[in-house]
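Undergrad: Letter by letter, the chains look like this.
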Amino acid sequence: MSGDYRVSGGGTTAVESGELIDEAWRLGLAEHHCGPLAERVSNVLGILDRTDTGLGRSVPELVLARYQLGEVARIAGELGGRLTEAAEGYGLAEQRLAAMRSLTAQGQAWLTGLSARLALPAAVVLGPALIEGAALSALALKLLGIEPAGLDVEAVRRVITWPGVGETAGRIGDGADELLAGFLGVPAALALGVGGRLKAADDAALLMGVSRAVATVTGSALLAERAVTVRRVGGVGDREQATGSSVRAPLDPPASVAEFAERIPDGRDGDAQIRIERYDGLAGERPRWVVYVTGTIDFSPLAGGQALDLTADIASVAARSELADALGLQPGAAERAVRQALTAAGAEPGDEIVGFGYSAGGEVVANLADDPSLNVVGAVNFGGPGEVEASQLLNVRHDEDLVPGTGGAHRAEAPLRFEVRLDPPLDDPGDFPAPGHAIDAYRRTAALVDATSQPDVVAFRTRLAEFVEGRTLTESTWVAERVPADAAAPPSAGSAPTAPAAAAISPSTDVR
Amino acid sequence: MDLYAAPPVSDAVVLAERRLDAVREALARVRVLLVEVDWQCGALPQRRCLTWLGDAAQAYELKLGELIGRAGLARTSLEQAERELAGCVDRFERELEQAKAAGAAAAAAVANGGAR
Numbered sequence: 001m002s003g004d005y006r007v008s009g010g011g012t013t014a015v016e017s018g019e020l021i022d023e024a025w026r027l028g029l030a031e032h033h034c035g036p037l038a039e040r041v042s043n044v045l046g047i048l049d050r051t052d053t054g055l056g057r058s059v060p061e062l063v064l065a066r067y068q069l070g071e072v073a074r075i076a077g078e079l080g081g082r083l084t085e086a087a088e089g090y091g092l093a094e095q096r097l098a099a100m101r102s103l104t105a106q107g108q109a110w111l112t113g114l115s116a117r118l119a120l121p122a123a124v125v126l127g128p129a130l131i132e133g134a135a136l137s138a139l140a141l142k143l144l145g146i147e148p149a150g151l152d153v154e155a156v157r158r159v160i161t162w163p164g165v166g167e168t169a170g171r172i173g174d175g176a177d178e179l180l181a182g183f184l185g186v187p188a189a190l191a192l193g194v195g196g197r198l199k200a201a202d203d204a205a206l207l208m209g210v211s212r213a214v215a216t217v218t219g220s221a222l223l224a225e226r227a228v229t230v231r232r233v234g235g236v237g238d239r240e241q242a243t244g245s246s247v248r249a250p251l252d253p254p255a256s257v258a259e260f261a262e263r264i265p266d267g268r269d270g271d272a273q274i275r276i277e278r279y280d281g282l283a284g285e286r287p288r289w290v291v292y293v294t295g296t297i298d299f300s301p302l303a304g305g306q307a308l309d310l311t312a313d314i315a316s317v318a319a320r321s322e323l324a325d326a327l328g329l330q331p332g333a334a335e336r337a338v339r340q341a342l343t344a345a346g347a348e349p350g351d352e353i354v355g356f357g358y359s360a361g362g363e364v365v366a367n368l369a370d371d372p373s374l375n376v377v378g379a380v381n382f383g384g385p386g387e388v389e390a391s392q393l394l395n396v397r398h399d400e401d402l403v404p405g406t407g408g409a410h411r412a413e414a415p416l417r418f419e420v421r422l423d424p425p426l427d428d429p430g431d432f433p434a435p436g437h438a439i440d441a442y443r444r445t446a447a448l449v450d451a452t453s454q455p456d457v458v459a460f461r462t463r464l465a466e467f468v469e470g471r472t473l474t475e476s477t478w479v480a481e482r483v484p485a486d487a488a489a490p491p492s493a494g495s496a497p498t499a500p501a502a503a504a505i506s507p508s509t510d511v512r
Numbered sequence: 001m002d003l004y005a006a007p008p009v010s011d012a013v014v015l016a017e018r019r020l021d022a023v024r025e026a027l028a029r030v031r032v033l034l035v036e037v038d039w040q041c042g043a044l045p046q047r048r049c050l051t052w053l054g055d056a057a058q059a060y061e062l063k064l065g066e067l068i069g070r071a072g073l074a075r076t077s078l079e080q081a082e083r084e085l086a087g088c089v090d091r092f093e094r095e096l097e098q099a100k101a102a103g104a105a106a107a108a109a110v111a112n113g114g115a116r
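Line by line, the protein sequences are chains D and R.
Going by the working numbering, the letters in the first sequence line up with residues 1 to 512, in that order.
Going by the working numbering, the letters in the second sequence line up with residues 1 to 116, in that order.
In short, the hints are calculated from the structure, not lab data.
Idealized CB from N, CA, C, for every residue including glycine.
Errors might be hidden in some of the hints.
Keeping only pairs whose Cα atoms sit at most 25 Å apart, straight-line, the calculated SDA-like set for lysine to any residue is [to be verified]:
1. R:K63 / D:G35
2. R:K63 / D:T51
3. R:K63 / D:T474
4. R:K63 / D:G77
5. R:K63 / D:V63
Heads up, incomplete: computed chain R residues facing chain D, CB under 10 Å, no partners named [unchecked claim]:
6. R19
7. A22
8. K63
9. I68
10. E79
11. E95
12. A99
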């Protein structure tokens, strides 16, 4: 993988390339280093003042060196300023481009809906949206283990690993309401005006609201959220019970983002999906917590026992909508399970938390970071939809990964982003249906996060390292399960214990 | 007269010692500076094809070239100053030895004269 990455977010400098960052860092170093070097040459000249004869050309050479070093500092400062201006220019351009793309996507979606209504050949206007939509459908079928006759899996794979596929998916998600408006014949001005305010989270909220109504009437499990439970399956607690000893094998705190990423559970069905590390410091001080959450395990739209499933994914995106409260929607099962596991592990409101999540797990930690009732001081979202406005969140995404876009196209005010175009290209994607989304690829990208000298990322990295450094670590792993349909009512806004705004991190009643 | 007292150090020797000390200190500092400037030269941007700057790239690259050139000149000047100062140290050490020898000879002459 190359070092070709982009870091953005958190200010007017919205886009920077890895090359530009590296260049600016080197120039800043030269500016701040060469000025003092010139002063130190002056000091040497002051020493030689005591000896006024017989010094040959040493004094004029030192005077020349001092002048050149001063010039290097001046020019480095000037060039660094130009780089900053260039970066800001890129940022403004990106913001304008994003606005244009958003409007274009809205219009495209509205036209698509209108075309369907008028029975026009949809392909005339669907364009890339049709291809992406077909690819998404095919991917879903593939993940479900269904391969329709005649499906060219390789062609689908090529489509879903196009660089920029995530952004396209995000615009499709954002445009679902415009598509419906076009189909219903709502005038374009009204559809685009209202639709511009409705994002993917709102579309997901409407979808969840409809599916819940259908489930209530028909008993269907389609996207029907239910209560969730967590149980501890590993870690120090079980070891204590097994051996009767409170002494545990020491674990080393992670020392890099890559090491944190390695600790995210792999996400095999039946295994623990959540890992929690408790970091104890001085006596009397509250512990700190690091939570790791894996990605979607069950891609069926029918809500089953697996808490990390498609229903939970959509519910978590929907929970970010301003419509969620009105529709009585709760966070997805995965997010509720993580909150419960933290509470069961001993976390209390106000405790400092850091989260690492992959895919759906990334979405979960992004949502936790965006919850003002929690004290999440840092979170890294590897390849999950994470378009929340939490400044302490780092979104890591691959250009060839469509999943991050499923939460909607990214916003200019989004948190710190670390974006990578995979290199070499994914000519040999292996067996994973969406190779740009593979957890191993993201673990390799974590090493790039460790290697960058971009100041915002360096500061973020430093905060993570200091969070765990010098503390005693104890771990636990947790399995999250949705309760059987006949054992629990769907979660609603009235079930206060699971509400994200509640004072507690999670309810304790569902823990066993 | 105290025959066991150290011979008086001449002004020439004192001056030579001070000059030698100053030049030795300057040389040591220049050598440290050379190491740092050498590292700084290695840390400077070296790329000459910056596609991300578009039309501004040419002006940027010209200025970057000037920066790299000036850093190289600073290093060359420091290297030259280091060589000059090292030569001064050798020369001043010899001159100090000569001054000391002259002073010792003068002191011996004085002592011999007093003894007679």
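Undergrad: Within 25 Å, alpha carbon to alpha carbon, are R:K63 and D:G35?
TA: With Cα atoms ~18 Å apart, R:K63 and D:G35 stay inside 25 Å; holds.
Undergrad: Does the nearest C-beta of chain D fall within a distance shorter than 10 Å of the C-beta of R:A99?
TA: With Cβ-Cβ at 13 Å, over 10 Å, it is violated.
Undergrad: So if I understand the rule, the pair passes when the alpha-carbon distance is 25 Å or less; does R:K63 with D:T474 pass?
TA: This hinted pair is violated, its Cα atoms lying about 55 Å apart.
Undergrad: Hinted pair, alpha-carbon criterion (25 Å max): R:K63, D:G77. Please report holds or violated.
TA: With Cα atoms ~11 Å apart, R:K63 and D:G77 stay inside 25 Å; holds.
Undergrad: Quick check on the hint: R:I68 CB to chain D CB, less than 10 Å?
TA: Holds, because the Cβ-Cβ distance from R:I68 to chain D comes to roughly 9 Å (cut-off 10 Å).
Undergrad: Taken at face value, is the distance from the CA of D:T51 to the CA of R:K63 at most 25 Å?
TA: Since the Cα atoms of R:K63 and D:T51 sit roughly 38 Å apart, the hinted pair is violated (cutoff 25 Å).
Undergrad: Against chain D, with CB atoms and a cut of 10 Å, does the hint on R:E95 hold up?
TA: holds, 8 Å
Undergrad: Go through the hint on R:K63 and say holds or violated, using the shortest Cβ distance to chain D against 10 Å.
TA: holds, 6 Å
Undergrad: Assess, step by step, whether the Cα of R:K63 is no farther than 25 Å from the Cα of D:V63, and give holds or violated.
TA: Since the Cα atoms of R:K63 and D:V63 sit roughly 23 Å apart, the hinted pair holds (cutoff 25 Å).
Undergrad: Against chain D, with CB atoms and a cut of 10 Å, does the hint on R:R19 hold up?
TA: The hint holds - R:R19 has a Cβ within 10 Å of chain D, the shortest such distance being about 4 Å.
Undergrad: Please verify that hint: R:E79, Cβ, nearest Cβ of chain D, below 10 Å or not.
TA: holds, 8 Å
Undergrad: Tell me if the interface restraint on R:A22 is satisfied: Cβ within less than 10 Å of some Cβ in chain D.
TA: holds, 5 Å
When the structure is compared with the earlier hints, violations turn up for hints 2, 3, 12 and for no others.
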